[in-house]
Structure formats: structure tokens, C-alpha cells
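2 protein chains.
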Amino acid sequence: MSEKPKKIQPDDRLAPRAVVGRLSLYLRQLEALQAAGLTRVSSTQIANMLHLRDAQVRKDLAFFGQFGHPGIGYQIDELQSSIRKALGTDRLWPLALVGLGNLGRALIRYKEFDKHGFRIAAVFDNDPKKTGTIVQDYPVYSIDQLPEIAKSHGISIAALTVPAEVAQEVVNKLTESGIRGILNFAPVALSVPADVSVVSVDLSVQLEQLVYKVSHAGGGVSYSS
Amino acid sequence: MSEKPKKIQPDDRLAPRAVVGRLSLYLRQLEALQAAGLTRVSSTQIANMLHLRDAQVRKDLAFFGQFGHPGIGYQIDELQSSIRKALGTDRLWPLALVGLGNLGRALIRYKEFDKHGFRIAAVFDNDPKKTGTIVQDYPVYSIDQLPEIAKSHGISIAALTVPAEVAQEVVNKLTESGIRGILNFAPVALSVPADVSVVSVDLSVQLEQLVYKVSHAGGGVSYSS
DNA sequence: TAGATTGTTAATCGATTAACAATC
DNA sequence: TAGATTGTTAATCGATTAACAATC
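Line by line, the protein sequences give chains U and C. Counting from 1, position 129 in the first sequence corresponds to residue 224 in our numbering; the numbering is continuous, with no gaps. Counting from 1, position 4 in the second sequence corresponds to residue 99 in our numbering; the numbering is continuous, with no gaps.
Hints are supplied without guarantee of correctness; some may be wrong.
No copy is singled out in the list; a pair is fine if it fits within one copy or between any two copies.
No more than 20 Å apart at the CA atoms, straight line, and that leaves these computed lysine to any residue pairs for SDA-like [unchecked claim]:
| hint | residue 1 | residue 2 |
| --- | --- | --- |
| 1 | K210 | P189 |
| 2 | K210 | A284 |
| 3 | K210 | R179 |
| 4 | K224 | S272 |
| 5 | K180 | D232 |
| 6 | K206 | E173 |
| 7 | K246 | P234 |
| 8 | K225 | R204 |
| 9 | K206 | G196 |
| 10 | K206 | A259 |
| 11 | K210 | G196 |
| 12 | K206 | A284 |
Calculated directly from the structure, the hints in this document are not laboratory data.
Required output: the full structure, derived from the provided sequences and hints.
This is the structure in C-alpha cells:
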């Protein structure tokens, strides 16, 4: 009979999705606080800014380790890098942009990605009128070239902004090319192999959420995460 | 002593956010099924397509009423209009687009909004180089004109695609103009009066979610809702 | 020291799932 | 009828919150 092994790492289970979502929001607040010249912050302050409870902030962070100083609070720069490490954004992630429609073109120019460690490394589209051209300094490749380019550029994640009708078909090519994560903007439920992650952002769905809230009195603030 | 009034409506409490999020996804699936020529569907089928449990689908729907036929399933067109009614999307929602950056311009051309009962009714920006011009058939108004135009066009919701630095300031103008709901793309936590709803979509946050999942093995599909 | 704040436990709250009688 | 499927209850599971000893 083997003893239950004592936990070495702060926590090695996968964090609940809700926790990870809030981690990103904490990071945004910390960036804002730092820009404002502050160096430390308490869980209560973070909680108030995001309309949460202090205990929740501490418990979320506790999932990944002990980053605070009892009686003092959290050192902003320390906590930032701890959260980045927990999220995996403590390194640069080259990104494939697949689909050069309206949304795709907007994402190429989207400054926030750069600010948070993401860099569009290559742009793909299957329209022969677009492939071979240069858009915003990026040469546009055919999706068929994805396997080779993903490999040579070390790309493992992709933003998918193709029409819904072709999304699944393109996703199949992506996963066959070694893409491990897809940020999907097409309004369809994608099927992927078990080792590939998908996060879907459907803007119409978000707008429907808003309409529900507006229609049913209440009000209040919520984050899509 | 007054009796507790018997519940008349199927349910008059506010549905949990998670339920409302899934309702939109059900609607997308129903649209796809209908396009494929089907007329009825079971909770098990819907659940399988979205990687959920059948009981959850039924329970979510039960929140709003009884839409199914025991032994038969759901009539697709019936269920669609029931869900639309529950969400409040059974009517057209004119939308103000505020902020004509990359994302704003992409949203003007975004076809999915039209498909789901949303219509951009007016476009606003504070850059004097942009106001007065016509973008994609829309005259661009100054944000100062919002109160009058919101009133004349019956606009009560807005998509906010301005830079983070000015977002709160613009939000204040929006709420003063009678806007009741804001789809916020600026990566900041907004403060609004209690009777105004905010749904925030932060694309960098979504990408961070994806990186976390990719970094920590697993995989799997998740919906931002 | 006194005051502040963390990390963590236990209690509460809410959401998901299983199971099944009612219905077609 | 037999088979299928709903709506709903009760059981389970997970997430949030309150409370507080430990720490600075």
C-alpha cells in the first residue's frame, strides 16, 4: 500500500475555468495599477475594482501558490509575473491568423495582442485573390502551406476567422498541422481531437446575452470569460 | 398575512447567466438543424452536438417554460421562437456602434449581427477627421450627438470599441444618453449605474484562456459565454 | 505592540446530473 | 402496446463566501 504522495507543487490539478478567467482580469487590473505608479495591492482592493469578494481573489491565487505577504498584501510586479507564469503567458506565443475577412483584418491590427505576449506570425486564407498578397506587412499564405509554416515558425495556436460553413474543414487542417489551440470566431460548435483546445468567441451570442439582461431589468456588469 | 402568490409565469426569476449563455448555443444549433431540413430534435441530440448532458438541456429550457412534447422531442421552429422570446431577440434591436477603430469597422461589416436581429443603426466616433464622413453607408456622428440620435432611432444598446483610456468617459456619456446595455470590447472594468447592463468581451483574455489550456495538456472545447 | 492582510478551513450556496413518473 | 422522450425531483458535485489563526 503506497502512501498518498504529499503535494509538492502548489497545485497540479487543472484550475477551474472560472478561476483562470478571473486570473486574466486580475492581470489587467495589476497592469492598470502599475501604470498608475502603485507597487502593492491587497486582495480587497483587487476585489473591489472587479466587483468580487476578497476571499475569492485570495482563493483563486491560492490555487497556483502563495504570492502574498500577510499583513502587507501583494507586490504588484511579483504577482503579475506569478499570474503570467500560471497562465503560460510568460513567454511569447506566435499565432496563426486564419481567415482574412473583416474580423481577421481587424485582428491583424489589434494592438492588445502584442501587449500581452501574442504575436501574429503568419496569415492564411484560401481565397486565391488574397494568397500571395501582402496585408499589413504579412504575406498571405494558402492554408495548404500551414503545416510547413507552422513548423518553421513554431506556431501552435491559431485565431480562426473563416466563414462558419468552412470552419470545421479548416479546423481539420489546423489540427493535422500540429495546431494545439484554436481561438474560434466562427459561430459553430467545432469538433477537435482530445488534445486540442478550443475557445470560442461568438459575438452574436454575446449580444444576445446583453439583450437578455437589458430585457429583464436588473442590469449589472459581467465579464465574458 | 398574505399568501405567497402562486407562480403564474413559467419562471419570473432572472435565469442564471450560464443558462442564458447555453440558450444562445441551442439557438445556433437549431438554426443549423433547420438549415439541414430537420423539423424536430431531442434534448439528447442537442446535448451531444454541444458536448453537454441531455438533462441539462431540458432543465435549461424548463426555466422558461414547457416547449417539448414527451415521447416526441422538440419542434425545431417552435423551440427557436420560444428561445428567442426568452432571450428577448424576438424583435429587432437597433445598435449604436461607438468607436471606429479596427474592431469597430469590422463590426460594421459583420454579417452575423444582422442574421440574429441586430442592426447597426448609427455610428459614432469622436475623431473630428471621422465625424461627418460616411463609412460603409453610415454617416459618422460625434459622440455628443448620441443623446438625440439614440432617442430618434430608438437605440438602447451599444457596442463599444473605443480605446481603453477613454472607455469609461464614453460610457458615462452613453448611460446619460439612455443607453441601457453595452457590449464592451475595451479591456477595462467599466462602472455603470445599477440599471445598465454590461457584457465585456476581451479578446486578449480569451487568448490567455486558450494558452492556459494548451499549456496544461488536457485540451477540450469551451464556449465563451 | 496594534492594525492589516494573507492563506486556508468549514459552511453555504448554486449548478449539474441521475433517475423516473408522466406522456405521447 | 412498446419505445421514446419530456419535465421535474432528489442526490451529487463544485464553487463561493465567511471566518479566523498565522504572519508581518
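Against the structure, the hints come out as follows:
Taking the closest pair of Cα atoms, K210 and P189 come within 20 Å of each other only inside a single copy of the chain (13 Å); across copies the shortest separation is 33 Å, beyond that limit. Proximity of K210 and A284 under a CA criterion of 20 Å is satisfied inter-copy only: 17 Å between copies versus 29 Å inside one chain copy. When the C-alpha separation of K210 and R179 is checked against a cutoff of 20 Å, the pair qualifies only within one copy, where the shortest distance is 13 Å, while the shortest distance between copies is 38 Å. Taking identical chains as interchangeable, the C-alpha atoms of K224 and S272 are never at most 20 Å apart, the minima being 23 Å within one chain and 44 Å between chains.
For a Cα distance limit of 20 Å, the shortest separation of K180 from D232 qualifies neither inside one copy, at 31 Å, nor across copies, at 46 Å. For the homomeric pair K206 and E173, neither the shortest alpha-carbon distance inside one copy (25 Å) nor that between copies (44 Å) is at most 20 Å. Taking the shortest alpha-carbon separations for K246 and P234, only the intra-copy value of 17 Å comes in at or below 20 Å, while the best inter-copy value is 45 Å. Taking the closest pair of Cα atoms, K225 and R204 come within 20 Å of each other both inside a single copy (17 Å) and across two copies (18 Å).
For the identical chains of this complex, K206 and G196 are neighbours both inside a copy (18 Å) and across copies (11 Å), given an alpha-carbon limit of 20 Å. With identical chains, the CA atoms of K206 and A259 are at most 20 Å apart between copies only, with a shortest distance of 11 Å across copies and 25 Å within one. When the C-alpha separation of K210 and G196 is checked against a cutoff of 20 Å, the pair qualifies only between copies, where the shortest distance is 17 Å, while the shortest distance within a copy is 23 Å. Only between protomers do K206 and A284 lie at most 20 Å apart by alpha-carbon distance; the minimum there is 18 Å, versus 28 Å within a single protomer.
The structure fails hints 4, 5, 6 (numbered hints given earlier, in ascending order).
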